[in-house]
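Protein chains: 2
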Amino acid sequence: MREKLENNFSEWYNDIIERAQILDIRYPVKGNYVWFPYGFKVRKHVLRVLRSLLDATGHQEALFPLLIPETEFAKEAKHIRGFEDQVYWVTHGGLDPLNVKLALRPTSETAIYPMFKVWIRSHAEMPLKIYQVVNVFRYETKHTRPLIRLREITTFKEAHTAHATKEDAERQVGEAVDVYKNFFDTLGIPYTITRRPDWDKFPGAEYTTAFDTIFPDGKALQIGTVHNLGQNFAKTFDVTFENPEGEQEHIFQTCYGISDRCIAALIAAHGDDKGLCIPPDVAPIQCVIIPIWFKESQKEVNREIEKLKEELKDLRIHVDDRDIRPGQKYFDWEIKGVPLRLELGPRDIRENKVMAVRRDTGEKGSISRKDIKSQVQEILLNITKDMKARAQKELEGKIHESGDLEEAAKIIKDGGGIVRAGWCTAKACAEEIEKKDITVLGLMDEDVTTDCIVCKGQTKVKIQMGKSY
Amino acid sequence: MREKLENNFSEWYNDIIERAQILDIRYPVKGNYVWFPYGFKVRKHVLRVLRSLLDATGHQEALFPLLIPETEFAKEAKHIRGFEDQVYWVTHGGLDPLNVKLALRPTSETAIYPMFKVWIRSHAEMPLKIYQVVNVFRYETKHTRPLIRLREITTFKEAHTAHATKEDAERQVGEAVDVYKNFFDTLGIPYTITRRPDWDKFPGAEYTTAFDTIFPDGKALQIGTVHNLGQNFAKTFDVTFENPEGEQEHIFQTCYGISDRCIAALIAAHGDDKGLCIPPDVAPIQCVIIPIWFKESQKEVNREIEKLKEELKDLRIHVDDRDIRPGQKYFDWEIKGVPLRLELGPRDIRENKVMAVRRDTGEKGSISRKDIKSQVQEILLNITKDMKARAQKELEGKIHESGDLEEAAKIIKDGGGIVRAGWCTAKACAEEIEKKDITVLGLMDEDVTTDCIVCKGQTKVKIQMGKSY
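Those protein sequences? They're chains W and U, same order as listed.
First residue of the first sequence: 1, per my numbering; consecutive thereafter.
First residue of the second sequence: 1, per my numbering; consecutive thereafter.
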């Protein structure tokens, strides 16, 4: 049931962030939130998945400073223009003013590339693929929102790569897109991939490829971006290498990032009116075990629970032995989104069974104690598959095609999702679209011939448009 | 051989930090450094050990914001006095001045305790044991040094606990000391434990228990501290709970921290003139395998290496198949401190053996391929044990007893380490000691009767003194 969630997503979202103990929003600085221990565990598992995909593709984790001197930060003109309204500045150390102001990184190009300059000597050292998971800061003036629009982005995974050729950087963009597909697929988060229009690309990039998901309220949320930086930053920071011909050349670069928003997307894609629903791969608790006690059988049940724990010890399990009614326990773990609940009482022991309840479907059924581990694993696999399929189907229902701008505007205004349409690539036509309070999200990679939704001119370009967070 | 290291520790340390690729010191902000991928891996394993000890004792990991509003930060008078010279202030967001200045946390009491105020209601919710691993900032005016004196401390593990009684807070101090002992023991880092003199305790604490190690140059390095905060912060931040009698009472608190310095101590305790020597438990690579190729046998050796890899796959191994001479490989991995090196060539294959070389002792010997895994594991255990014992013995050699202040001053000035002596607890006598350019490190927990090293009066208090980083 996603009724509350569909009807008033904002309210549902704020409520569940707090009740499932993901974040505490009461910290006394706007746009800064506290990760509760339970939320922190979800974050940890999500990061584990992301790191393992990056490590498996030869990325190396490093860690660069938070503070960027103004002198470095201001070097890349487009970059600084893109961020200057958003940068927090440290101006004092103790009681003394600093000689050079220090920026809190809003992203780390200008912290990392001066180091690339001293690290990279020869083509043989490339590709160089570095990433870090850090906090970054944006002085957001718009309405802030937990995990979505933050002043402290606590979880910014940014990768930065260096290449000897344009082609190799291009290949890296493809690898990054594949890594991100893999990541979102593992989390069961559905997405669309487009190339951002030129006026919306990353400041300093050649082009930006973006992953968007669609929220229950029909709005698009950017959840990952991959940028081909060409030689722009390399020229600014003078990062050169010796090519095989013995000549000095500027490196080619890409960078790509994923933030806390992936956890917002996880919550929105799978939650329902009862609470969170976390995919087994990243659930802090994959299976909660509830003892069903009766006065005379408590000891026997506890003995059996111990055995069950032992049998399932390779999974992330938790036995809820609090002295409260089982119903209250069900309720609590449904809020927290534990994918599978096992109940075990005296009758189950007699019948050598366990009651299993799926969080995603509510489906309930007895399973035999024999081969319990492989059965539970199979159920968890099915949950993963079904959750992903349901979310994917919902996303597809929110993607529309239209050749009529008024119709498109209505769909979008009503929260129906995003609309795909032809676009002649003229800025004037894009402006007509945006006058309708619609954003051009990006250009699709599709081989089509169609008409521009504004001027009706024939075009081979199709775009996605909608409202955006 | 720790000759270079003993004779000119500073030079050895700076050199090895760079050559072993722990940190890059070329970042263009004083006291801010970049973790290289290899250093980052060492850090990751060290943090894994620390986290597992904290998790096993019921601590929960959370994450609090970096930015602390001046209004909160300034509430605790002693605390702010202790830190005001060291705090970085954010004064601008974008081009606009902020209404309330924001401190970059130098430590997180003032970020966390306002949340404790809203979290804690009843005695039943305590003890509450929270920790986080974050970057903190100190505007150090003294000479900065990688991992030792930093302006960005990138690795600050801070734990904060809340208790319903003074006794339970006292018990927690004991638990924290035990966790830290366990941690340093696992890393083979020797330490002394003392109670800091009152004038050197944590600003706002009742008392501070500190772990110091002694560096090869004889100076003490504080590597961990445990603070009993009493009800000081609870009163400032008005954190109360309902006690079993139904009355409102202020909570009792402790906090304790470990920083990047634990990695400095790891490097200094075990390194030698050839480079790092990393204890197997935290080594990014526990065992490096070097193929010894001859023209006609390369294929055969590679086949055998594949088998060896498979047999050792549960360990952290690395096969160095670079096309350079074996000697160069030995040299590289000695710098990086890999605890065990295995060499395998055609003769070893014929004899069904592998050559094993210990990094710590240089000991070299053939081991049989049969049960290779358990043999390697045993060698690694011996390395762990022997490294720890050697480091412990060295520390003990640097601890002296003296009843004569001139003698003590000479030992300390000559880099001989620290001196233990009686102290009558009069501030005047401590000042006499400190006039000699010696620091009173702390009071020992020992049941003795002795004479004050200054006034010769009888006392039951013994102190440690020396130079300190």
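It is possible that part of the hints are untrue.
With a cut-off of at most 25 Å between alpha-carbon atoms, the simulated DSS-like pairs for lysine-lysine come out as follows [unchecked claim]:
| # | chain 1 | residue 1 | chain 2 | residue 2 |
| --- | --- | --- | --- | --- |
| 1 | U | K313 | W | K313 |
| 2 | W | K44 | U | K129 |
| 3 | W | K44 | U | K44 |
| 4 | W | K30 | U | K44 |
| 5 | W | K101 | U | K142 |
| 6 | W | K117 | U | K30 |
| 7 | W | K75 | U | K30 |
| 8 | U | K129 | W | K129 |
| 9 | W | K101 | U | K101 |
| 10 | U | K388 | W | K129 |
| 11 | U | K4 | U | K467 |
| 12 | U | K44 | W | K101 |
| 13 | U | K30 | W | K30 |
Since the hints were derived computationally from the structure, they do not count as laboratory data.
Hints violated by the structure (numbers, ascending): 4, 8, 10, 12 and 13
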